[in-house]
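Visitor: What follows is the residue order along each chain.
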Amino acid sequence: MLSGTRSPLAWAVHLSVAFFVLLWTLPTLGLLVSSFRDKDQIAVSGWWTALSASSQNLVFRAPAGDGEDLVAGRYVLTGTVLEDGAGRVSAFGFSSREPAAFAPGETAELKDGVTLSVAEDGAFTLSGPESFAGARGQRIFYTAEIPPRFTTENYANVLTAAGLGRSFLNSMTVAVPATVIPILIAAFAAYALAWMPFPGRSLLIAAVVGLLVVPLQMSLIPLLKIYNSVGQAFGFDPKSYIGIWLAHTGFGLPLAIYLLRNYMVGLPREVMESARVDGATDFQIFTRIVLPLSFPALASFAIFQFLWTWNDLLVALVVLGPQDDKLVLTGRLVNLLGSRGGDWEILAASAFVSIAVPLLVFFSMQKFLVRGLLAGSVKGG
Amino acid sequence: MQQLWAALFTIAVGIAGAALYFWGSNWLLDRLLPARAAERETASRNIARAGLIRPWLFLGPALLALGLYLVYPVFASIWLSFHDRNGQAFVGLANYRWLIGDAGFRESLFNNFLWLLVVPAASTFLGLLAATLTDRISWGNIAKSLIFMPMAISFVGAAVIWKFVYDYRGEGSEQIGILNAVIVALGGAPQAWIAVPFWNNFFLMVILIWIQTGFAMVILSAALRGIPEETIEAAVLDGASGIQIFFRIMVPQIWGTIAVVWTTITITVLKVFDIVLAMTNGQWNSNVLANLMFDWMFRGGGDFGRGATIALVIMALVVPIMVWNIRNARAEMRGR
Chain H
236 MLSGTRSPLA WAVHLSVAFF VLLWTLPTLG LLVSSFRDKD QIAVSGWWTA LSASSQNLVF
296 RAPAGDGEDL VAGRYVLTGT VLEDGAGRVS AFGFSSREPA AFAPGETAEL KDGVTLSVAE
356 DGAFTLSGPE SFAGARGQRI FYTAEIPPRF TTENYANVLT AAGLGRSFLN SMTVAVPATV
416 IPILIAAFAA YALAWMPFPG RSLLIAAVVG LLVVPLQMSL IPLLKIYNSV GQAFGFDPKS
476 YIGIWLAHTG FGLPLAIYLL RNYMVGLPRE VMESARVDGA TDFQIFTRIV LPLSFPALAS
536 FAIFQFLWTW NDLLVALVVL GPQDDKLVLT GRLVNLLGSR GGDWEILAAS AFVSIAVPLL
596 VFFSMQKFLV RGLLAGSVKG G
Chain V
133 MQQLWAALFT IAVGIAGAAL YFWGSNWLLD RLLPARAAER ETASRNIARA GLIRPWLFLG
193 PALLALGLYL VYPVFASIWL SFHDRNGQAF VGLANYRWLI GDAGFRESLF NNFLWLLVVP
253 AASTFLGLLA ATLTDRISWG NIAKSLIFMP MAISFVGAAV IWKFVYDYRG EGSEQIGILN
313 AVIVALGGAP QAWIAVPFWN NFFLMVILIW IQTGFAMVIL SAALRGIPEE TIEAAVLDGA
373 SGIQIFFRIM VPQIWGTIAV VWTTITITVL KVFDIVLAMT NGQWNSNVLA NLMFDWMFRG
433 GGDFGRGATI ALVIMALVVP IMVWNIRNAR AEMRGR
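Read top to bottom, the protein sequences are chains H and V. Its first residue numbered 236, the first sequence is counted upward by one per residue in our numbering. Its first residue numbered 133, the second sequence is counted upward by one per residue in our numbering.
Some hints could be false.
[Unchecked claim] Only pairs whose alpha carbons sit at most 27 angstroms apart, straight line, appear in this in silico BS3-like list of lysine-lysine:
| id | chain 1 | residue 1 | chain 2 | residue 2 |
| --- | --- | --- | --- | --- |
| 1 | H | Lys474 | H | Lys460 |
| 2 | V | Lys403 | H | Lys274 |
| 3 | H | Lys346 | V | Lys403 |
[Said to hold, decoys possible] Partial chain V-side listing against chain H, Cβ under 8 angstroms, derived:
| id | residue |
| --- | --- |
| 4 | Leu231 |
| 5 | Ile232 |
| 6 | Ala443 |
Hints were generated in silico from the structure; no laboratory data involved. Fair warning: this is a prediction, and the values are worked out from it, not measured in the lab. Every residue, glycine too, gets a C-beta built ideally from N, C-alpha and C.
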């Protein structure tokens, strides 16, 4: 309706959308950039400076006499403070009280006639009247401009050491069956509610609509009690994958039935009636006609359910338990937040391992997700 | 890896079992009540009877699961709320009396009301804004996709993302959290945002608003597109301004959808747990009911009586929306 207005207003719209998008993507972007940064750099500079050199205050301990030379009566020890070779020293010092007392190239006088100088490229020369062997190595404080470094080390680290690889498998183990099982059950129920007349049908539909909003919290304690007593009665571990698959099935069913029924009701009546006239039973109509035609709705629900089970923390903590070998990704992340709360390289890489799969699903199947949302929320649409 | 194979195997068995049940029970029904009987009368009676039974065969597993996982727990929770921590001894109203007197509960309830007040309103408003703006530009779909993206991120993942945004370093040292960096650049003093009582609630809410705005936007955008062009054209001809058209013509036509979005987000807010657990675990007066309930469920071996009582409070807050939804659904079914 506002097409044709190439006015300042149009520019304002473009700008505000750009601002909106920036605001909404920036937090994720920040973590993504950080997950590829060197862990020393994350701790001292913001991720938005990732492309520029960062200034760090560092300490280097000179070797205790290894490789020293005797030159003109003095013991001389040379080397470089920048072990990685990259960077530029902007100041140095020899005590922690004044770590940046000298400019590069200057010569500092330490006690007992020892002198120290550090060049801009990190090369240092330590010289003194006595051998440095035997004593503790001299500490050299320096401020260096370290060029940006990007690494995949963080990912390699979390996948092996932090137990994320294991949790990834656990999440897969939970999410895939918990997505597949409810679909079949819900599809049959939805067909019955959409196309089979029987007494009490509208009451059941209303009940499904009501159950849509029942909070999970309600079910947790009774469920825990049932699982524990069943486990005791039959002598197996109550914290099992089967338990969580069935729990996710139960919690996902109202939405599944509701979505699928709404979709199936909209299928053309004539198709089903002509099939019935040709002698097809309800079972045949369902499997040969309704199920294939309902594919878009099935896909929508599958995406919902997969995202929900993959991202779930509550059900997994309660039903599967907090033991290390059964932690799903979300549970592992919460644990890391507690135990490694300051190690942003670990947290950032872990968070991205956990959100990579849902993001992949989201961007590749957005069409179905949107369709499902609309069918689930905009009634009568 | 072995575990994944076991999972795949179980899926195969589960699907085969379910398929076998549906196919087998239908086959059995057709066998017991054959539609092609010798006598015509028997045949029609059989068809009628089978028609009565078959829906329940189709519905069976779903009803069983819904009953066990959603209906039964409501009654079991009510029963548990009148019993002690192990669900053994009857304690009358003791749990409810404890609840009313408990400072932690009052704090959580207050915070929950704050969440209910702010998050649905902010998400719906921002969603509407994003929908209106993105519908007018050529790259709107890309923008929508990016604003919608947080929807796919888990609450815990979002908590990590935002914890990094809110990260706090002592005054004087370089800030690595972007919010504090901006504050410092503007000349302010850095804050430990999530540790400031009362206000930290709002910083936690931002996370949920960030997630839910995309949802509101997608649905409201579809509703806006469904508005008949003629109504807007008529308004334009009558000389209405852009803002008048938006608030007087467009918004009233999508009230129903706004209400649906609002209530859906309200339900999400009532269940919010992961964000608070991951960000503060209820410290600094930021607890909410769902986290309090989880806490009592496991605290000191678990107090099922109190946990169930808190769950019932959450349920009670949901009931009005539930009733409203059911009434809408029934009205709509009559309309068909």
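Visitor: So, for every hint listed, does it hold in this structure?
Guide: Here is what the structure says about each hint:
1. H:Lys474 x H:Lys460: 12 angstroms, holds
2. V:Lys403 x H:Lys274: Roughly 36 angstroms between the alpha carbons, so the hint for Lys403 (chain V) and Lys274 (chain H) is violated.
3. H:Lys346 x V:Lys403: 66 angstroms, violated
4. Leu231: 15 angstroms, violated
5. Ile232: Hint violated; Ile232 (chain V) Cβ to chain H Cβ min 19 angstroms, cut 8 angstroms.
6. Ala443: 5 angstroms, holds
Hint violations for this structure: numbers 2, 3, 4 and 5, all remaining hints satisfied.
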